[in-house]
Each structure stands twice: as structure tokens, then as C-alpha cells.
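> Read off the chains here:
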Amino acid sequence: MATGFRKPPLQFSLRLRRALGGQAGWGGLALQVLFVAILAWIGYEIVANAKGNLEAQNTASGLGFMSNTAGFEVSQTLIPYSQTDSYTRVFLVGLVNTLVVAAVGIFFATMIGFMVALGRLSPNWLISRISGGYVELVRNLPLLFQILFWYLAVLRMLPNPKQSVSVLDGIFLSNRGLAIPKPIGQEGSIAFAVAIAVAIIGGMVLRSHSRRSLFRTGRALIVWPYALGLLIALPAASMAVFGTPFTFEMPILKGFNFSGGARLIPEFVALAITLSTYTAAFIAEIVRAGILSVHKGQMEAGAALGLSRGSTLRLIVVPQAMRVILPPLTNQYLNLTKNSSLAVAIGYPELFSVFAGTTLSQTGQAIEILSITMGVYLLISLVTSGIMSIYSRRVARSVGA
Amino acid sequence: MKCILTAIFAIVAGISLQSASAQEQESAKPKTTLEAVKARGALSCGVTQGLPGFSAPDDKGNWTGLDVDICRAIAAVVFNDPTKVKFVPLSAKDRFIALQSGEIDVLSRDTSWTLSRDTSLGANFTGVTYYDGQGFLIRKSLKVNSALELNSASVCVQTGTTNEQNLADYFKSNKMKYEVIAFSTADETIKAYESGRCDVFTSDISQLYAQRLKLLNPADHAVLPEVISKEPHATMVRHGDDQWFDLVKWTLFAMINAEELGITKKNVDEMARSENPELKRIFGTDGNFGEQLGVTKDWVSRIIKAVGNYGESFDRNVGAGSPLGIARGLNKLWNQGGIMYAPPIR
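Chains A and B, in that order, are what the protein sequence lines are.
Residues in the first sequence are numbered consecutively from 1, following this note's numbering.
Residues in the second sequence are numbered consecutively from 1001, following this note's numbering.
Honestly, the hints are just simulated from the structure, not real lab data.
All values derive from a computational prediction rather than experimental measurement.
Among the hints, erroneous ones may be present.
No farther apart than 30 Å at their CA atoms in a straight line, the calculated lysine-lysine pairs in the DSBU-like style are these [to be verified]:
#1 B/K1172 / A/K254
#2 B/K1175 / A/K162
#3 B/K1140 / A/K254
#4 A/K51 / B/K1172
Partner residues are not named here, just some residues of chain B that face chain A (Cβ under 10 Å, in silico) [said to hold, decoys possible]:
#5 L1034
#6 F1096
#7 E1103
#8 N1145
#9 E1149
#10 R1197
#11 S1274
#12 N1276
The C-beta atom is built at its ideal place from N, Cα and C for all residues, glycine as well.
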């Protein structure tokens, strides 16, 4: 009886009881059912009460308003929009604007955050103090204040369009934003795009080939000149065969503003800068904590192998730190997306401003519009955290934990 | 098992408690707005977050303005004390929610009377307190003399107002292009205009004059002559209480009628002793008009003693006697060339 005797597997009803009632058995199950029933009842009361009140006040309700004409303009529209479009279109315009500023913010916040974290851990006294000062300054000031600072302070320093700073007569910086030439697709544009895609795929194939040869023979093949050659030669060939892929439409000062070209509005720039610098301060601390959580023996082992500090961090420490970093990093991404709704203070036309702001006050249908807006933010957040948890599972697997 | 029993007991107790409070609510439900205001001891009145001349706190924290006077007049009718008002500052887009939810009894916040607002918000407009229209404020240095020269301009506007749609309509019908930047509060809008983000600031003309006072050099900015919309500013109450609707409506009418009959803050006591039948009806010495409204007989003299007649309130807050110095224009009485007109008290 050295191994002791094995328990027989639980019977079905017992297993069910465990799953549903936990340690408390059937009693626990009854409590859970009761709890759900109470929650459902509270939810029902809230909905019924709101509905009753709306009916009593004779307030319009339902989603019929979504197909009505909006009748107002929006300053940044990445999908076609005019004032004769419906509120549904306004909703989509706002949603796209929110997603764009969130994506740009997340990208730069991650970049700045990692750099500041590495800077703070750097043996260089000055760099580590500057990075530390950055974190303490930025994360301790209210976000709304920072948004208004970047918007009003920076805007005031920029000249008016007539005196705008210009580079090569194609790029103009003024208090109306940054006007740049806009590429307009010509006949050769599809072939050009295909050529670039092929070149990128070719470069990736070359890279994986070189890695395989590194693992097989221990010798790294130098492939980057070939990859670069592909990237230049293929598009050039496509241009030679199919003609110029696009021409540029130049911005020209006409009347009060620049017409033609593309324009980055100051509201977007101010919001993107604030969101990325603010969130970067928190990300920096998360990354620093993650790196410090890796045993310092790993760093010493890397040094013993003759790896440089940068290579040790990149190849050994950061991959292990990622497991600790990812969950709180996800939180920061979600915060950034939700904080983008503060744009309402500086007139960036994101979802909260055009839909839960203008549309709400024009239609007065608060319950519907606020529920839709909340649902969308919830959905964006769930998708973001879903993507991050897939990524974190992959990291966990590759580290072998 | 014991814990289940306790839980069930607690829930049963909860349900019976809930139904008891529901019964209480049932008996309290017919409580009118007037009774609720009296029980609270103060009128809850929705105003702007600070618009000089219409509703803004002065340096001592007292709210003053034309819209504020309407609230004070109602408080005077109900309590005989114009200070018994709780002012609730609201942004343009929050104002209707506050009224719908019952947080305020009256919305007196330069709100334009439109059909969609009247029908879809669960609220009613009681009467026009100020006839306004939308216009443009622009830097004199840009040398623009007409709104028709504004093609391609950047325009700052406050979101949640009728101004956004009027602006779109005006530029579209005149085949002009523009860029709109919409801010959530009036302060942010005027700051963005001041920083040069926009060439023009658009709003109701009364608001343009009021906001211009906040600029560094008000004299550098001018209001263009075009008036692109009708903006009748009116007071609002919730649906479902006709007595309250009447009371708020006739408070304004009493102020306008008082101006027409020459009753002022100064001569109100003297006029109350008059033998003129029209004045006797107004002051309640003949008939019971105040009681028909659910208040006291002397309701009109309470209003006039508190805030004066409509003309006095206008002059003191936005007209010649104020820093805004807006001309009476459309807001003159009907018999003096304007369109301000109130049904008679009889």
C-alpha cells in the first residue's frame, strides 16, 4: 500500500453538485439560483420603471431616430459624411474617430512607455533621472488638465494660416493643424501596392530562412541587403511598367484655410499626444516592475555568455517579463481608449462628442443613446482585452511556463 | 440549511418592505410640482454655467440675469421670497436630462423653442422670455463685413445647441464650405476662438455680446450684421403637471403685462391701491385669479417687488443699464414696435 489507494471517480450527480454548488453542495446551488433571480428582478424593475416614466412623460423612445437626417457637420471624417446623412452615419464617423485616436495613442504610449522604463533602469545617471522625472510629472497631473494644456498652450504658439510655417511649399504648420500633400491613386497604384506587399512577404521568407539556417548550422546568413533590394527593386519595376502610382494634391491657402491636400487637425494631435504621453508614464512603471521581477541572475547569466546589455534585455529578460507586464498593460490600453472620451473638451469629434453629445441633445433620447455608447465602449474594451489575452497565452507558452 | 432559511427570510422581508414603500409612493404620487416645491422650501431652477446678463453668479456668488429673474419671480409667487431658489448650473447638453429626471422644476436657460424639443423631450415651453437669433463674432482685423464672405472659414460652435444645425443649413444654402469645431461648454468655445483655432464664433447674438466681454480686447471683435435663424428663448417645464405649467407661464405674462400697464418696482404699492378695473384684477382686489393659479391673490405684486416688470429686468440685466448694452429691438412691447406680447389677466 505504498502508493495509497486511489479515490473512485466522482459520480455524475456528485460532479454536477460540485460544479453548480461548489463546496456548499445543493444548498449553495439554491443560493445561486436565488441570487440570479434577485438580480433579474432588479434589472426588470429598472427597465420597467424607466419605460413607465418615459411613457408617462410622453417622451419619444425607440431607435427610429437613427435613420433621421443629422443636419450638422463634423470636422474630421475618415469615412464619407455630409450633413444630409443619418444619425447612424454620425455614429460610425464618431466610432472611427475614437478607434483611430485610440490606436495611435496605444502605439505611441507603448513605444514611449518601454523607452522610459528602460531609461529608468539604465545605469546612466542622467537618463535614469530624466525618465524618473518624466514619470512622476506626467502621471501626477490630471488628464483633462494635460489635454487642455496641449491644446490651448500649443495652439496659441502656432501662427495663423497666412503666416504658417512651410516646408518646401508642400507642408504647412499653422493653428489650423498640419496640412500635407495628399496622394491620389492613379492607374499604376494597385500594381504598386501589390509590388510592395510581395517585397514584404519576400523579406519575411528570407528572414525565416536565415533563422532556420542559424538553428541548423549555427551560422546566421546575412539577408538584409537582399530584403532591401527587393523592397526597392519591385516597386521601382512596377512604376516603370505601369506608370506613376499616384500624384500629390498640394494644400493651397484659399480664403481662410488650406484647401486640397490632407490635414491633421490640432484637436487630434493634442489628444493623441496627451493620451500617449500620459498612458506611457503608467506603462513605463508596469514595464519596469516586469523587468525587475525577472531574477537578476538572468542578467548576469547573459553577461557571462558575452551578450551585450541590450541583447540580454531583448532576448532573455523582456520575454520573461512580458508575462508579468501583459495583464496590467491591457488595463492601460483600456484606460486609454476610455479616456479618449475626454476629447469632448477640445472639440475632437469622437464617439462621445458627436453621438452622446450633439446627437443626444438634438434628439433628446438619452436612454437609447447612452446605452448604445456604453455598449460600444464595452465592446471595444472586451475586444482589446480578448486580443491581449490571446497574446499573453502565446507569450506564456513560448516562455514555457 | 440554516443559511438558506435566513436568506429566504431576508428576501421575504425585503419584498414586503419594498411593497410597503411602493404603497407609500402610490399615496404620494398625486403630489404636484407646486406641493413638492413648497415641501422642499426652495425652487430648483436650471440655469447656464455662467452667461453674463442671462444667468451668471456675481462676485458675491448671487445669481443674476434675465433668466434668473424668471426663477426668482416664481419663487416670489410661491414663497413671497425671491431668494428661495436653488440654482442648478447645466451645460447645453445636460439641461434636458436634468428636467426630465426631476432634478429641476423649471429650465430657464436661454433655450430655443423648436418643434422637436417641444414634442420629443417630455417637456413644454411656457413662453418666450427673449427673442434672439444666431449670428457671427469675428476679428475686426480679418476685414469681413458680411457672413456671406465666410467661405472656407473655421467656425467654433457650442455642441448641444440649435446653432450647429443652423450653421450647417446657412452654409449649405449659400453654397459655402466651412470647418466646424464643436466644444461642450461656452467657455471652451470662446477660448478656442481666442486662441485663433477658428476665424468665427457663432452663437445666439445675445450670447455673442455676453461672451465678447470675456475676451482680452472686446473692441477688436465685431458681430456681423447677418441673423441666420430665429431663436426664441423660452422657459421649460416637465409634462404632466398643467397647474405648474400655468403658474410658470403666467409669471412671465404678469411681468410683461406689468410693463405694459406701467407697474414698476417703485410704484407697485401705489398702483395696487388704484381704482382702475384692470389694475384691480391684476392686484387681486377684484376677482380670484391668483387662487385660480393655485397661489395667493397678491401674486403679481410679489413678482414686481422681487424683480420688477419685464422691461426693468431687461434693462438691468442685458439692456442699457448693463455692461452688455443690448438694444431692446424685437423684445420691445408690441405697442412700442416690438413683438413682446402677453395675454391679458382677466
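> Decide, hint by hint, whether the structure agrees.
Against the structure, the hints come out as follows:
Under the criterion of a C-alpha separation no larger than 30 Å, the hint pairing B/K1172 with A/K254 is consistent with the structure, at around 19 Å. Between B/K1175 and A/K162 the CA atoms are separated by roughly 24 Å; this keeps the pair inside 30 Å, and the hint holds. The suggested pairing of B/K1140 with A/K254 holds, with an alpha-carbon distance near 19 Å, which does not exceed 30 Å. Distance hint between A/K51 and B/K1172 is unfulfilled; the C-alpha atoms sit about 39 Å from each other, more than 30 Å.
The beta carbon of B/L1034 comes no nearer than 18 Å to any beta carbon in chain A, farther than 10 Å, and the hint placing it at the interface is violated. Here the hint on B/F1096 is kept, as its CB sits about 5 Å from the closest CB of chain A, short of 10 Å. Given the 10 Å rule on beta carbons, the hint for B/E1103 is violated: about 13 Å separates it from the nearest Cβ of chain A. For the restraint placing B/N1145 at the interface with chain A, the shortest Cβ-Cβ distance is roughly 15 Å, beyond the 10 Å limit, so the hint is violated.
At its closest, the beta carbon of B/E1149 sits 9 Å from a beta carbon of chain A; the interface hint therefore holds under the 10 Å criterion. The restraint placing B/R1197 at the interface with chain A holds, with a minimum CB-CB distance near 6 Å, inside the 10 Å limit. Contact between B/S1274 and chain A, as hinted, is not supported at the beta carbon level, the nearest pair being about 43 Å apart and thus beyond 10 Å. Checking B/N1276 against chain A by beta carbon gives a least distance of about 42 Å; that is not within 10 Å, so the hint is violated.
The structure fails to meet hints 4, 5, 7, 8, 11, 12 from the earlier list, while all remaining hints are met.
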